[in-house]
Amino acid sequence: MTVNNNIERRQAVRRLLANRGETLVVCGLGSSTYDVFAAGDDDRNFYLWGAMGGAVMIGLGLAIAQPDKPVLVITGDGEALMGLGALASVAAQKPDNLTIIVLDNAHFGETGMQPSHTGHGVDLTEVANGCGFNNSQTITDYDTLDAFSNTPNAANGPRFAVVKISTENPDRALPNLDGVYIKNRVRSSLGIQPV
Amino acid sequence: MSTQNKPAQRWEDDIYDCFVRHNVSQVPYVPDAGHAHLIRRVHDTPQMRPIVLTTEEEGVASSCGAWLGGQKSVLLMQSSGVGNCINMLSLVSNCNFPFVTIVSMRGEWGEFNHWQVPMSRATPGSFELMGIDVKRCDSPEDVAPTVDAALYAAFASEQKIAILLSQRLIGRKEW
Numbered sequence: 001m002t003v004n005n006n007i008e009r010r011q012a013v014r015r016l017l018a019n020r021g022e023t024l025v026v027c028g029l030g031s032s033t034y035d036v037f038a039a040g041d042d043d044r045n046f047y048l049w050g051a052m053g054g055a056v057m058i059g060l061g062l063a064i065a066q067p068d069k070p071v072l073v074i075t076g077d078g079e080a081l082m083g084l085g086a087l088a089s090v091a092a093q094k095p096d097n098l099t100i101i102v103l104d105n106a107h108f109g110e111t112g113m114q115p116s117h118t119g120h121g122v123d124l125t126e127v128a129n130g131c132g133f134n135n136s137q138t139i140t141d142y143d144t145l146d147a148f149s150n151t152p153n154a155a156n157g158p159r160f161a162v163v164k165i166s167t168e169n170p171d172r173a174l175p176n177l178d179g180v181y182i183k184n185r186v187r188s189s190l191g192i193q194p195v
Numbered sequence: 001m002s003t004q005n006k007p008a009q010r011w012e013d014d015i016y017d018c019f020v021r022h023n024v025s026q027v028p029y030v031p032d033a034g035h036a037h038l039i040r041r042v043h044d045t046p047q048m049r050p051i052v053l054t055t056e057e058e059g060v061a062s063s064c065g066a067w068l069g070g071q072k073s074v075l076l077m078q079s080s081g082v083g084n085c086i087n088m089l090s091l092v093s094n095c096n097f098p099f100v101t102i103v104s105m106r107g108e109w110g111e112f113n114h115w116q117v118p119m120s121r122a123t124p125g126s127f128e129l130m131g132i133d134v135k136r137c138d139s140p141e142d143v144a145p146t147v148d149a150a151l152y153a154a155f156a157s158e159q160k161i162a163i164l165l166s167q168r169l170i171g172r173k174e175w
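Read top to bottom, the protein sequences are chains H and X.
Quick note: the first sequence uses the working numbering, first residue 1, plus one each step.
Quick note: the second sequence uses the working numbering, first residue 1, plus one each step.
Excised from the complex, chain H in its bound form (with noise of 0.2 Å):
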C-alpha cells in the first residue's frame, strides 16, 4: 500500500503546540517524546522513555486530576496499538480535557521501520469511534490540523485524532532521561512540592 502523507511529524507537534497555553503533554516513548522535545522544552512534558502503552492512561490519570487545565497525550500509532484498550477506558469516563493525538507513519520507527496494523489496515480514528468518542478525526493537512489545534476541547469531549505523517525520520532529539526529574518538574509547574 503506497501512502503519500505529506505533513511532517516535527511540524505537526510544534503547531499543534504553538498555542498550548497551560496544556500538560503527555508523550509516548520514542519518536514522539522527541518531536515534543524539539518543539522546546517545558516543565509541562511528561516525557516517557519506556512504558510502551502507557501514554493514554497516564494522560487519563493526569487528566482527571487536573480538570481545569488541557491535557494533550502525542503518541505514536505503534504506542497506541499497544494500549487499545485505553481507548475503551478514555471512553468510558470521558474527561472533557483530554485530547489524544495519534501521529500514524504507519510503521514502527524506533525499531526498523517495520509496517504497523494501521499499515494494514487498522483505523484507529474508527476504533476511538466505536469506544464511544464523540470528536474523532483523521487529519491529513495542515490546514484542519491547526484548526483542531486552535478549537478548545469540546463539553462532549474527550478529543481524539489520527495525524497521518510522512514516513520521514527526523534526527533524534533527546530530553532529560531522569524519569524522577520529569516527574517532580511536572508536579511543580502545577505548584506540588516533591515528598
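Derived from the structure by calculation, the hints contain no laboratory data.
Glycine included, each C-beta is placed from N, C-alpha and C at the ideal position.
Any given hint might turn out to be false.
Calculated pairs, DSS-like style, for lysine-lysine (alpha carbon to alpha carbon, straight line, at most 25 Å) [unchecked claim]: (1) X:Lys135 x X:Lys72; (2) H:Lys94 x X:Lys72; (3) H:Lys69 x H:Lys94; (4) X:Lys173 x X:Lys135; (5) H:Lys69 x X:Lys72.
Have a look at the derived ranges for each label pair, beta carbon to beta carbon [claimed, not checked]: (6) H:Ser166 x X:Thr54: 28 to 34 Å; (7) X:Pro46 x H:Asn169: 44 to 50 Å; (8) X:Arg21 x H:Arg14: 32 to 38 Å.
We have chain H; now place chain X onto it with these hints.
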C-alpha cells in the same frame, strides 16, 4: 435501636474507610468478586472516581498520571492480573511514583479452578521482581492496619506496596 442489631463492620468497609481517611480519589479496577463490595462503595462516593479498566496495566499507568496531577490512586485487581502489570511497573520504578494496589487472591485456598493457580503462585514474586513491597492480610483484623500503613507510606514518601488479600480471608468461590 439496639446496638446488637447493628451489622458488624466488614473488612471491605475498613478498606473504604482508609480510602476516605487518606483522601484516595481515583480507584482504577479490574473487577473481582472479592472487591465487589468495595467497588460498589467507591461508585456511591462522589469524591472518588471509579475507573474501569480493560487490563490491569492500564491502572498502573493511570495511577502514575493521577500522582503527576496531585491525586492519590489505588489499583484494585485480582491475582490473575498481576502478570499483566510487569512492564508498566517500570514506570513506577523509573520515576519513583508512589504505588498501592490491593489484590484479591485466587488459586490458593480451596480453589476449584486450577487455572488460577500458576499466576496466584507467581504473584508475590512478580511484585518483588519489580521492586514492589508485598504485604499480606490473612484475617479481617489485618486489613485496616495494613491498608492504613500502606497508604501512609506510599503517599507520604513515594513507596510502592502491594497488599494481598488472601483467599482464606475472602472466602473460597463456590461452584
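Evaluated hints:
no.: 1; hint: X:Lys135 x X:Lys72; verdict: holds (19 Å)
no.: 2; hint: H:Lys94 x X:Lys72; verdict: holds (20 Å)
no.: 3; hint: H:Lys69 x H:Lys94; verdict: holds (15 Å)
no.: 4; hint: X:Lys173 x X:Lys135; verdict: holds (23 Å)
no.: 5; hint: H:Lys69 x X:Lys72; verdict: holds (18 Å)
no.: 6; hint: H:Ser166 x X:Thr54: 28 to 34 Å; verdict: holds (32 Å)
no.: 7; hint: X:Pro46 x H:Asn169: 44 to 50 Å; verdict: holds (48 Å)
no.: 8; hint: X:Arg21 x H:Arg14: 32 to 38 Å; verdict: violated (46 Å)
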